[in-house]
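**Q** Top to bottom, those sequences are chains A and B. FYI, numbering that gives the first Met the number 0 numbers position 226 of the first sequence as 225, with every residue one higher than the one before it. FYI, numbering that gives the first Met the number 0 numbers position 257 of the second sequence as 256, with every residue one higher than the one before it.
Keep in mind that the hints were calculated from the coordinates and are not lab data. Do not rely on the hints blindly, as some may be mistaken.
Identical copies look the same in the list; a pair holds intra-copy or inter-copy alike.
Stated by the list, open to error - SDA-like cross-link-like pairs, simulated, lysine to any residue; straight-line CA separation at most 25 Å:
{"id": "1", "residue 1": "Lys64", "residue 2": "Leu284"}
{"id": "2", "residue 1": "Lys64", "residue 2": "Phe251"}
{"id": "3", "residue 1": "Lys48", "residue 2": "Glu150"}
{"id": "4", "residue 1": "Lys3", "residue 2": "Val295"}
Each chain, written out:
2 protein chains.
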Amino acid sequence: MNTKQAQELQEALDAIRRRTINNIYFVACGGSKAIFEPVQYICDVESEKPSAVYTSNEFNYRQPKALGETSLVITCSHSGNTPETIDATKKAREAGALTICLSFKPESELWLAAEYGISYTWGPDSKPSQTNSPMLFRLVFGLLNILKPNEKYDRAMMELELLDDVVARNKAATLPAAKAYGIAYKREPLIYTMSSGECYGVAYSFAICLLMEMLWINSQSIHSGEYFHGPFEITDYDVPFIIILNSGKTRFLDERALDFARKFSDRVEVIDTASFDMHEISEDLRGYLAPLIAGVVLRQYADALAYHRGHPLSVRRYMWQMPY
Amino acid sequence: MNTKQAQELQEALDAIRRRTINNIYFVACGGSKAIFEPVQYICDVESEKPSAVYTSNEFNYRQPKALGETSLVITCSHSGNTPETIDATKKAREAGALTICLSFKPESELWLAAEYGISYTWGPDSKPSQTNSPMLFRLVFGLLNILKPNEKYDRAMMELELLDDVVARNKAATLPAAKAYGIAYKREPLIYTMSSGECYGVAYSFAICLLMEMLWINSQSIHSGEYFHGPFEITDYDVPFIIILNSGKTRFLDERALDFARKFSDRVEVIDTASFDMHEISEDLRGYLAPLIAGVVLRQYADALAYHRGHPLSVRRYMWQMPY
Chain A
0 MNTKQAQELQ EALDAIRRRT INNIYFVACG GSKAIFEPVQ YICDVESEKP
50 SAVYTSNEFN YRQPKALGET SLVITCSHSG NTPETIDATK KAREAGALTI
100 CLSFKPESEL WLAAEYGISY TWGPDSKPSQ TNSPMLFRLV FGLLNILKPN
150 EKYDRAMMEL ELLDDVVARN KAATLPAAKA YGIAYKREPL IYTMSSGECY
200 GVAYSFAICL LMEMLWINSQ SIHSGEYFHG PFEITDYDVP FIIILNSGKT
250 RFLDERALDF ARKFSDRVEV IDTASFDMHE ISEDLRGYLA PLIAGVVLRQ
300 YADALAYHRG HPLSVRRYMW QMPY
Chain B
0 MNTKQAQELQ EALDAIRRRT INNIYFVACG GSKAIFEPVQ YICDVESEKP
50 SAVYTSNEFN YRQPKALGET SLVITCSHSG NTPETIDATK KAREAGALTI
100 CLSFKPESEL WLAAEYGISY TWGPDSKPSQ TNSPMLFRLV FGLLNILKPN
150 EKYDRAMMEL ELLDDVVARN KAATLPAAKA YGIAYKREPL IYTMSSGECY
200 GVAYSFAICL LMEMLWINSQ SIHSGEYFHG PFEITDYDVP FIIILNSGKT
250 RFLDERALDF ARKFSDRVEV IDTASFDMHE ISEDLRGYLA PLIAGVVLRQ
300 YADALAYHRG HPLSVRRYMW QMPY
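Isolated chain A, as found in the complex (with noise of 0.2 Å):
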C-alpha cells in the first residue's frame, strides 16, 4: 500500500482499538457487496464475533436490531457516490456505529459520510495490491489482530504487500486459457458460476457484474453446496459453467460439483486456485488469498468475451444513461 493508505489505515484501526467491537456489518452494493463475501468468511472461521453482509438498502429498510455502539460497519462503494451505501453509512453512524468506508474516491459523499476512510486506487496502472480487496482484506486482518493477536495476521498483512507479483504472474500464465474461452464461449446466451468459502464472492460478483452488467450474458452464481438441492437439474450436455475451486476448507464442496457438472455438460470451465502459483504466500494463507487472484483471473474471462463478442465491458445501457 502507499503511504496515504498506511495512513488512513492506521487511523481506522487505530479507532477500532479504541471502541468495544461486539459485531460487524459489511454493507454495499453489487461489486462492492462481492467483495465482502470473503472476509465475513475469514472472520467467522477466526472470531466469535457476529459478522453479516448486507446489500446496502436491506440493511436500511430492514435495520438489524443489533445495530448499535458497540457495532462496526464497513460499507464501500467505488465512486464514493452509491445513495444507498452513504444512507447506510449515515445510519450506522446515527446509531452510534463505528463507521469506516473504502473508496476509490477520497472526499466523496461517502467518505464524508464515515468516520474513517481507506482509500484505493483503480483502473489499468494501479497497483493490484493497492486496489479495493486488498486493502480490505488489510482492514480485517488489522481488525482481527486487535480482536484477538495472532501472529498470522501480521503476516498476512506483510504478504499483502507481495501481491503485484503474484497476481501478475498468475494472470500471465491463465491468460491462454482464458483467451480460447472468448472464442468458444462467445456466443453463448447463458452461463453459470459456482464456488462457494472464500471464493464464492469470486463467483457473484462475475456472474452479476462481468457477465450480466457489462456482457448482457444470463448467469446465476450458484453456492455449490446448493447445486445438488435444486440447481444441478438444469444441468446438460450444453450448459456452460464455470466453476472455482477454492483451495481452502471448503474445496470438497466445489470438487463435488465439478465431478458432477462434468459428467452431464460438456461445457465446464475450471478455475483452480489451488494451480495458481502463490509461492510468496505462506501455505495457510492461500486459501484466504485466493479470491484475490481468482478475480483479476476471471477478469480476463470476461475481457476475452468482450473481445469476440464486439461488446466492451465499458458498454451499459441503463447505468449512466438515465436516473433510476
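Knowing the structure of chain A, use the given hints to seat chain B on it.
**A** Below, chain B alone, put in the same frame as chain A:
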C-alpha cells in the same frame, strides 16, 4: 398444529428455556434452507442475538468459530435423509449446541441426530398450517418470546392457527392469474425472480427448486436491492421477471425494482403480498406472515407452467436416479 406437533414444539421450547442462547444458526439445503430466510429476517429485526443461514456443507466445512454450547442450531430436511444436514446436526450437537430439527419424517436419521424434532405434514391433503414453514415460524416466535417476551409473539402463534383459511382464500383468488401465466410463459427458457426482506427466500426457492429443478427453466433470484448494481443491465423487452412485492419494511426496494423492470421489459409478473386478503392476521404481523402465502400462491404458477409444458413437477433426471 396437531397435538403431536404441539407437544414437540413445547418440548423444544422448554429446552430453549433451560439454556443460555447467544447465537442462532439455521442450517439446511435448497428448499429447506430457503424457508429459513424469512425467520432469519424476523430474528434480525426483533432480536439483538446474532442469527445466520447456511447451506449445510458450507456450515460443515467452514466451521464457524462462534458455534458452541450457547448456540441454537435449527436444521431441516424434508425426508430427514439429507447427508449434509444430518452431518451439520451431529457436528453442532458435538460442539455442545442445542439442536432442533424439522422434518416430514420423524424417526429419520436427521430426527435421531437432533436432540429435539418438530414434525410437519406434507402433500395435497395436509393442512397448510401444519407444513414446514408455519411450524418453523412457531418455533421462532416461541424462541423470540423466550429471549424477550412480547404479546406480539403470542398473537403470532394464535394467528398461525388461522392460516388454512387464509391460504385457501388467497390460492383461489390468484388461481386465474397463475393459469394465465402458465400459457403465456410456457415457452420461456429463462425466468428471473426478484424480492427482498421476508420474501427473498420465496424468490430463491421458486428460482432454484420450482424453475430450475422441477421445470428445467434457467433462473436466478435477484435481490431487488442488488438489481440496480449489475443485474438490471440484462433487462430487455423480452426478459421475464417475477417480482414479489413485500408488504413489510423492504417494500420500497421491490417497488423500485418493479418500476424499473416494467419500463424496459414487457414480461413482468407481480405477486403483490399487500393485495393478499389476510384479514384474520393483525396488521403488524402481515409482512412477517406474507411469505407463507406467497409460497403457496407461487406453487400454482409452477403447476400451470408444468401443465402447459407437459413437464410434471415430479420429473427429475438426476435426483432419485443416481448417487451423487
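**Q** A separate judgement is required for each hint: does it hold in the structure or not?
**A** The hints, checked one at a time:
1. Lys64 x Leu284: Between copies, since 17 Å is at most 25 Å while 34 Å is not.
2. Lys64 x Phe251: Classified as between; 19 Å across copies, 35 Å inside a copy.
3. Lys48 x Glu150: within (19 Å within a copy, 30 Å between copies)
4. Lys3 x Val295: within (24 Å within a copy, 55 Å between copies)
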